[in-house]
Amino acid sequence: MLTFTLRRLLLALPTLLFISLIIFLLVDLAPGSPMSEIPLTVPPEVRQKMIEALGADQPVFVRYILWLRQFFWVEPANLIDGWFGSNLAGDEQRILSWQSRSPVFTVIGQRIPQTLTVIGTAYLLGIAIAIPIGIYSAYRQYSFFDQLGTLVAMIGFSVPTFFSGTLFIIIFAVWLHWFPTKYDTTLLVTDWPSFVLQLKQMAMPVMVLALANAAAISRYMRSSMLENMGQDYVRTARAKGMTERVVVLKHVLRNSLIPVVTVIALGIPSIFGGAIITENLFGVNGIGAALIGAIHANDLPMVQTLAFIFAVLIVVFNLIADVLYGLLDPRIRYE
Amino acid sequence: MNLKSALLGAVCAFAMAPAAFAERGTDGEVKLTFPQAVSIMNPYLSSGTKDIFAASMVVEPLAGYDDTGALIAKLVSDIPSVENGGISEDLTSITWKLLPGLLWGDGSPVTAEDVVFTGQYCMDPAGGCAQLSKFEGIKSIEAVDAATVKITFNAPKPNPFTAFVGSTSPVLQKAQFAACMGAAAPTCTDPNSMPLGTGPFKVTGFTVNDTVSMEANANYRDATKPAFASAVIKGGGDAEGSARAVMSTGEFDYAWNTQIAPDSQAAMAAEGKGVFVVAFGTLVERLEMNMTDPSADLPEGERATVKHPHPFLTDINVRKALSMAIDRQTLTEVGYGAGGAPTCNIVPAPALYASDNTGCLTQDIEGAKALLEAAGWVDTNGDGIREKDGKNLSILYQSTVNPIRQDFQALIKDWWAEIGVETELKAIDPSVFFGGDAGSPDTFQKFYADVEMYANNFDGTDPEAYLTQYKCDKAPSPENQWQGENMNRFCDPAYDAMVAELSGTRDEAKRAELAKKLNDMVTKDSGIVVPLVHRGTLSAHSNALGGVKINAWDSELWNVADWFRVK
Amino acid sequence: MNEQSTAIPKAQSQFGAVWQQFRVHRGAVFGLIVLGLLAGFVIFGPLFWPEVKLKVVEALKVKNQGPSLRFPFGTDQLGRDMMVRMMAAGKVSLAVGFVAMIIAIFVGTGIGILAGYFKRLDGPLMRLTDLFLSLPLIPLLLVLVMLFRDTIASGLGPELGAFLLIVFAIGITSWMQAARIVRGEVLALKEREYVLAAKSIGVPARRVILRHILPNIISPVMVAATLGVAEAIITESVLSFLGLGFPPDFPTWGRLLFDGLQYIQLYPERVIWPGLAISLTVLSVNYIGDGLRDALDPRIRGR
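Protein chains in written order, with our numbering: chain Z, 1 to 335; chain C, 1 to 567; chain Y, 1 to 303.
FYI, nobody ran anything at the bench for these hints, they're computed from the structure. Backbone N, C-alpha and C fix where the C-beta goes; we use that ideal spot for every residue, glycine too. Do not take every clue at face value.
Simulated crosslink set (EDC-like; lysine to aspartate or glutamate; CA at most 16 angstroms straight-line) [said to hold, decoys possible]:
{"#": "1", "chain 1": "C", "residue 1": "LYS320", "chain 2": "C", "residue 2": "ASP525"}
{"#": "2", "chain 1": "Z", "residue 1": "LYS49", "chain 2": "C", "residue 2": "GLU136"}
{"#": "3", "chain 1": "Y", "residue 1": "LYS55", "chain 2": "C", "residue 2": "ASP525"}
Beyond 10 angstroms from chain Y on every Cβ pair, some chain C residues (computed) [said to hold, decoys possible]:
{"#": "4", "residue": "ASP190"}
{"#": "5", "residue": "SER248"}
{"#": "6", "residue": "LYS388"}
{"#": "7", "residue": "ALA500"}
{"#": "8", "residue": "GLU501"}
{"#": "9", "residue": "ASP507"}
{"#": "10", "residue": "ARG565"}
Assemble the whole structure, with the sequences as input and the hints as a guide.
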């Protein structure tokens, strides 16, 4: 197990480098230019000067090497400077966004709290709802609860998030006036009223996302439970006289959780990049919204950096999921 | 004074009362929402109109334009002219006198040095200044004394109101931006996002592409303004969401660029919480006809260049017929409602330059058909498409992804089908279409299509630079990396000659006449450009917000200092 | 011998057994019926309800109408019959959903089996999976469209060309989920006694996979396939939302949904029809998958 983990970690580095190159080239190749949002009143010669000033006209490999250096050396140095007050980075050029000329990592730092708060909560809520529903649906297969639970889960991922999000806005914000339509990112939670306000503005995006997440996870939970409910050891346990509660919650659940835990672990990177539409719709300034905005404005440094960060998260959580799978299921052998 | 005038006076005073008695900072917070979020507060490095508008609340130019298009003084005592000696007789220099006692947001005085510095900042070749064209033709900017700036041009300039006029060219503080010259410009994150200005508000917080938080500027020159103590601009979402936030839920006071369907406009206005305001500038939605052949059979580098003229759009009868088949009134009603007006001019405003050109406003399907028949374009094989000499009237019509533009495309396709022209529609992502990426086949400069539709306008009130775009040498081609503004590849020596004449003409009436003639040459006379709709800027504000005067000639937030809460 | 009670019941064919179990699952039958109706609506509907092409002037006179006898689903802002548009859009959406899913499942299952069964291939294939998971979909789609649209369109016409590109793009970006699931199952199955037994008597890998592994992973593959259709249809609607994909006069349900969003307060039915269609399709596919999963699992069958 340990050698497996170490080997995977060692493999991860060249993998990530290769992935970074592919992402960099892909985003570069995609048509579009950062000048597309500049008003048409700006003449071509001025646009050309602007492109040069951004450094966008340099050949792609030069920019790649520069970006690698900035990502792996300059940015961590800046991070350490920020934590410890040292001056490692000095005046080195940082990765700058072409839209705002601010350092990309400053923008990320501004946005991570929102993403974690809203999207992260939705994910946890989704898991919390999905697991009990999945367990009970499998236990009472074809019962009314199962049918209802399945129906709700089906609805949860049949409906696109921009549809359900817009419906929620119309129903809860416009007709009922319960929740605000735009997320106020400057809200500081200092006392009970502001906490209630924060809950109110989080309610709709969390509902939309939790429904979608819960749907998928509950299906996995249910199918995994069903597979295990038919196993011999369950029959043995029942024959031994154990209560249903112990049989289901102690024996079957533990074995069924294995694939579900790996699915949950794999879904964590999607917390960051996946909720693009929802973040856009509700005005939550999270990482996903940053990515889509950067793609539209052809802000290549931002897109490349964010895409690479997601890639790192995906590789890391894939590794975690695999290790977990191996730890939890003794039938899996890694050499 | 009799009773009637006394009462009238009393009514007037009463109406003016909220404005007159408001002190600075008594009306709380004003909340604005933009469908695109603000990225940077420095108009010289900005990436779009949203940034310029947001910045106009903080930094100001020497002079600007009011809602009628007239010049107004902002940081100067009055507008220079030949009569008052501000502009030299030979039109080679202009002198601005700053108002006395002007202070920056941090309390330091505004001097001519700041103006000189701003000029150097933008004209620095390595700076990538987006507003460089405003400083074109300037020989020098010098501080005659602490409160007087003299700008000297290379050649006589009939319209010297370019640099430091309008919200695209504000004055920056030398002390704050001193370390940001040239290549260092983008790295000055703090000055770029929280600039010090002379405007009514001062930036207190800035999250990129999200929210700008501001408070009233304690050093603003008018002690009773602004009425609001703080302001916030929240960006993101779409036009619907922004409009809804003002007109339905009342969470925000002002929404910029609420271009939504006319029916939705009517429904939201009926709710009674706010109003839509529209101002007409120079934005015209138009069809451009390609004078060159975009066929994919031609080799790269020759496709859509002047080497191969277009098979049928070079026939003026075809162009005229295509324009006659379009019902601009319907297009306007379907797409823009009150936010648009049908037009036949590419220079629709100011009134001085607008040609008296209304011939295209009525649709004439039969006339179009007759014109095509007479020119020899007949349908010989019964497939519904006219042809001549083996060439089918088959058009590839491209535009950007945008619901209103897609509706226009569908309608125009049907009208052209009625006159026997076959159309294929194409919608391109705006960031590709307007991106100017020489490697992409879908840019509007490459024009690998027969007809393309988009909207264009010009800055300020003088159309000279705009009309210059249609000169022969401005055609995009492989030689200039497809960076040109004459998308149609229109080439007429008479046009070029008249443009040269315009640039040398000083008399305003004569200039207007030349501009009108140039406008007619590309629209009425040749049908190369087919204007469709004169689009206004449509925004929404709540009934609780007073003092809004929407302005199409400068920043929409030009008079935010005068806004107040309606009680 | 007693003729009645000891008669051996006629053996059922495998298909018959599967069908028996499938029928028990009420939701699955419901799903089959609904999907059948939807497919019928989009395929045969135009035969009974042909498109009547109106001139622009007349079309605009009937714009923005609610449901009526002449226009059962109402009309849109240009006077087009919503029912005709729904039928045309449905054909495209269903086709995209299924074809993209087939590509994804094919690729995913193949890679999953190879990675799970052959240790040496596991590492590189899983890193390949990581690479594809990390690719941002939108730039990828833009690049694919830019590179291949003209070549394909000149051969097959703009619509079929766009269809193939989109289906291909969705397919190659959604196989990773199936691959992971399959790989996990194969890793577990590989250690079962019957597989070890087959390997010990020298059955070649190909036959072990085809005869022993493949039939036992049908259950998780079904689940992945049904999720795949859902994801493909929704991804297509998201792409329409972002403006990428089919030419503007080529409706899909996702496109209709997006077009209707700006009118949601005024004419909510324009959002509800396509939204309902997408949801019902995905719902029924999922129920069918559920029923199939139960029916194909011999341990559940006949319980």
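Hint check, failures only: 3, 5
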